[in-house]
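Engineer: Listed below, chain by chain, are the residues.
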Amino acid sequence: MNSRTADGRQLLEVDNVTLRFGGLVALDEVNFAMRTGEILGLIGPNGAGKTTCFNVMTGMYRPTAGTVRFQGRPLIGRKRHEITRSGIARTFQNVRLFPEMTALENVMVGADIRDRTSVLGALFRVPRYWREERASRAKAMEMMEFVGIADRAGEVSRNLPYGVQRRLEIARALATDPALLCLDEPAAGFNPSEKAALLQLIRAIRDRGVTVLLIEHDMRLVMEVTDHIVVLEFGKKIAEGSPAEVREDPRVIAAYLGVPTDAA
Amino acid sequence: MHFHSLFQNFGELTVTGLAQGAIYALFALGYTMVYGVLRLINFAHSEVFMVGTFAAVLTWGLFGLDQDSATPSVGAVLLLLLAGFLAAALAAGIMALIVEMVAYRPLRRRNAPPLVFLITAIGASTVISEAVGIGTHRNVSSVPPLIRPSTVVQIGNTSVTNIQILIVGLALVMMVVLDLFIGKTRLGRGVRAVAQDPDSAALMGVNKNRVISLVFLTGGLMAGIAAVMYLLKIGGTRYDAGFHLGIKAFTAAVLGGIGNLRGALLGGLALGLAENYGSGLFGTQWRDVVAFVLLVVILLFRPTGILGESMGRARA
Chain A
1 MNSRTADGRQ LLEVDNVTLR FGGLVALDEV NFAMRTGEIL GLIGPNGAGK TTCFNVMTGM
61 YRPTAGTVRF QGRPLIGRKR HEITRSGIAR TFQNVRLFPE MTALENVMVG ADIRDRTSVL
121 GALFRVPRYW REERASRAKA MEMMEFVGIA DRAGEVSRNL PYGVQRRLEI ARALATDPAL
181 LCLDEPAAGF NPSEKAALLQ LIRAIRDRGV TVLLIEHDMR LVMEVTDHIV VLEFGKKIAE
241 GSPAEVREDP RVIAAYLGVP TDAA
Chain B
1001 MHFHSLFQNF GELTVTGLAQ GAIYALFALG YTMVYGVLRL INFAHSEVFM VGTFAAVLTW
1061 GLFGLDQDSA TPSVGAVLLL LLAGFLAAAL AAGIMALIVE MVAYRPLRRR NAPPLVFLIT
1121 AIGASTVISE AVGIGTHRNV SSVPPLIRPS TVVQIGNTSV TNIQILIVGL ALVMMVVLDL
1181 FIGKTRLGRG VRAVAQDPDS AALMGVNKNR VISLVFLTGG LMAGIAAVMY LLKIGGTRYD
1241 AGFHLGIKAF TAAVLGGIGN LRGALLGGLA LGLAENYGSG LFGTQWRDVV AFVLLVVILL
1301 FRPTGILGES MGRARA
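Chains as they are written, first to last, in my numbering: chain A, 1 to 264; chain B, 1001 to 1316.
Hints in this document: simulated from the structure, not taken from any laboratory. Just so it is clear, CB atoms sit at the ideal spot from N, CA and C, and this is done for glycine as well. Hints should not be assumed to be uniformly reliable.
Stated by the list, open to error - Calculated pairs, DSS-like style, for lysine-lysine (alpha carbon to alpha carbon, straight line, at most 30 Å): (1) A:79 <-> B:1208; (2) A:79 <-> A:195; (3) B:1233 <-> B:1208; (4) B:1184 <-> A:79; (5) A:195 <-> A:236.
Said to hold, decoys possible - Short derived list, chain B residues pointing at chain A, Cβ under 10 Å: (6) 1102; (7) 1103; (8) 1130; (9) 1186; (10) 1192; (11) 1199; (12) 1205; (13) 1208; (14) 1209.
With the sequences and hints as input, model every part of the structure.
Structural biologist: Written as structure tokens, this is what we have:
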């Protein structure tokens, strides 16, 4: 089953997901679905539960109730590396690279996902091991070219400028060959021209056939690039629709301007 | 203080120090790699080493050799050495894997606090050494005379024996192989990824438990090789052979910068040299005092050890 090519099919379904930390309700019966090939925006004021929602989807948190299905199969309870291998990749709100590795090596860690040779296999099947090593390197280089930082491949990642690190993180996530890429505030700290370049990159990623889930504070970017938007506030979904619909929704305006919901 | 004796025997002390230090270095790799990935001091690593020594002695026993045997022919010695190294490395590697699966993995699954791991490590160490102690009636098992120490190089009044060359040479080869493995291969990349950021490693599809198993296995293999070197140098082993040497190897790891592979080599050699110069200067009974004073002084000025901590920095 390859739903990536089957445009319009449901790729990910978040179904009545609730997550409590002690008495705090971080997510409260959140429902939404993503279609293959779309760019979905997940927005909301600070603390609305956007990143928490990401963390449930990528297996970092286990929800108190509800289910998440990816390509029709339940995700909850699977190990994080298995979820990644099944086709969900992500970047972090605060860049989290492997600081002492070169940029290329960072991306190769993502590309290594498809390699099959085990520890013992590496001892007995040396030629295949090196073939996979070369394939990882080629894949990593391709991804670095795609995000436009191939010239920084040999530099240790902690020494790279912030904008390059952000792109590097995207390249690393893409190297895992995801069906769904989750970007957590990729434009944070970017100037307008960097944001414009990012917008182009997100579209190019979608054009590769990767479905994109975008958490972003910059409304202009979100409105411009997404096909569909889900709005969270205090862990609840308060609105959903096209950018035009969401922009006009009184509850969304209230949430962002701080007007009490019942007064809106 | 015997400055005269130090200068007189400087070459000799250097050579024995390097040979001793090479054993510490290989032994220290297990501590440093596990720490780099898990931030855990695996105190049972000393017993992994000890199991390696017995595996080699038993293997030689299977060939019908004991301490009273005559020295076999050169070809037979090479085969026996190979068999001994393989058996010790394999036994120690498997022992290390068992320790990880039985003692640590269940605790990780339950998110136990770090102190619990420490107590478990001490417990696992005691269980293994006591089990071997009971099994061997706490006797010394001696090694057949595979290599008679003989001087192969003579510089001035410094003589270098065949065993010393074998130990230092093999240790350096193993260090280079391991360094390339961690620095240049996919499996090594996985190890560094988990050491530098376990969460993002998992989200990039790295199987953390596989990496941890690999680290314990590799550390065990290296300890097994160190175990045979120790046998060739000392001539025998006992159920508690790992204890004192384990403390020294752990010291070497901290001295070089725990979590850092090249640090283990540097720390091991520095410790071996310091011990021997110390004994030359103050007398043999001061050997350990000198070693630990060195540790304290270096950590005062470089709290993260000579090369610093990160597994990532262990690569070129």
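Engineer: Does each hint fit the structure? Answer for all of them.
Structural biologist: Outcome of the hint check:
Among the hinted pairs, residue 79 of chain A with residue 1208 of chain B is consistent with the structure: their alpha-carbon atoms are about 10 Å apart, no more than 30 Å. With a C-alpha separation of about 34 Å, the suggested pair residue 79 of chain A and residue 195 of chain A falls outside the 30 Å cut-off, and the hint is violated. Restraint check: the Cα-Cα separation between residue 1233 of chain B and residue 1208 of chain B comes to about 37 Å, which exceeds 30 Å; the hinted pair is violated. With a C-alpha separation of about 27 Å, the suggested pair residue 1184 of chain B and residue 79 of chain A falls inside the 30 Å cut-off, and the hint holds.
At most 30 Å may separate the alpha-carbon atoms for a hinted pair to count; residue 195 of chain A and residue 236 of chain A meet this at roughly 28 Å. Restraint check, residue 1102 of chain B versus chain A: the minimum CB separation of about 19 Å is more than 10 Å; hint violated. Look at residue 1103 of chain B: its Cβ only gets to about 21 Å from chain A, farther than 10 Å, so that hint breaks. Among the interface hints, the one on residue 1130 of chain B is violated; its C-beta lies about 31 Å from the nearest C-beta in chain A, farther than the 10 Å criterion.
For the restraint placing residue 1186 of chain B at the interface with chain A, the shortest Cβ-Cβ distance is roughly 5 Å, inside the 10 Å limit, so the hint holds. Given hint, residue 1192 of chain B at the interface with chain A, holds; its Cβ is 6 Å from that chain's nearest Cβ, closer than 10 Å. Checking residue 1199 of chain B against chain A by beta carbon gives a least distance of about 7 Å; that is within 10 Å, so the hint holds. This hint holds: residue 1205 of chain B has a C-beta 4 Å from the nearest C-beta of chain A, less than the 10 Å allowed.
Taking 10 Å as the C-beta cut-off, the interface hint given for residue 1208 of chain B holds, the closest approach to chain A being about 7 Å. Taking 10 Å as the C-beta contact cut-off toward chain A, the hint placing residue 1209 of chain B at the interface holds, the least distance being around 9 Å.
Consistency with the previously given hints fails for numbers 2, 3, 6, 7, 8, ordered from lowest to highest.
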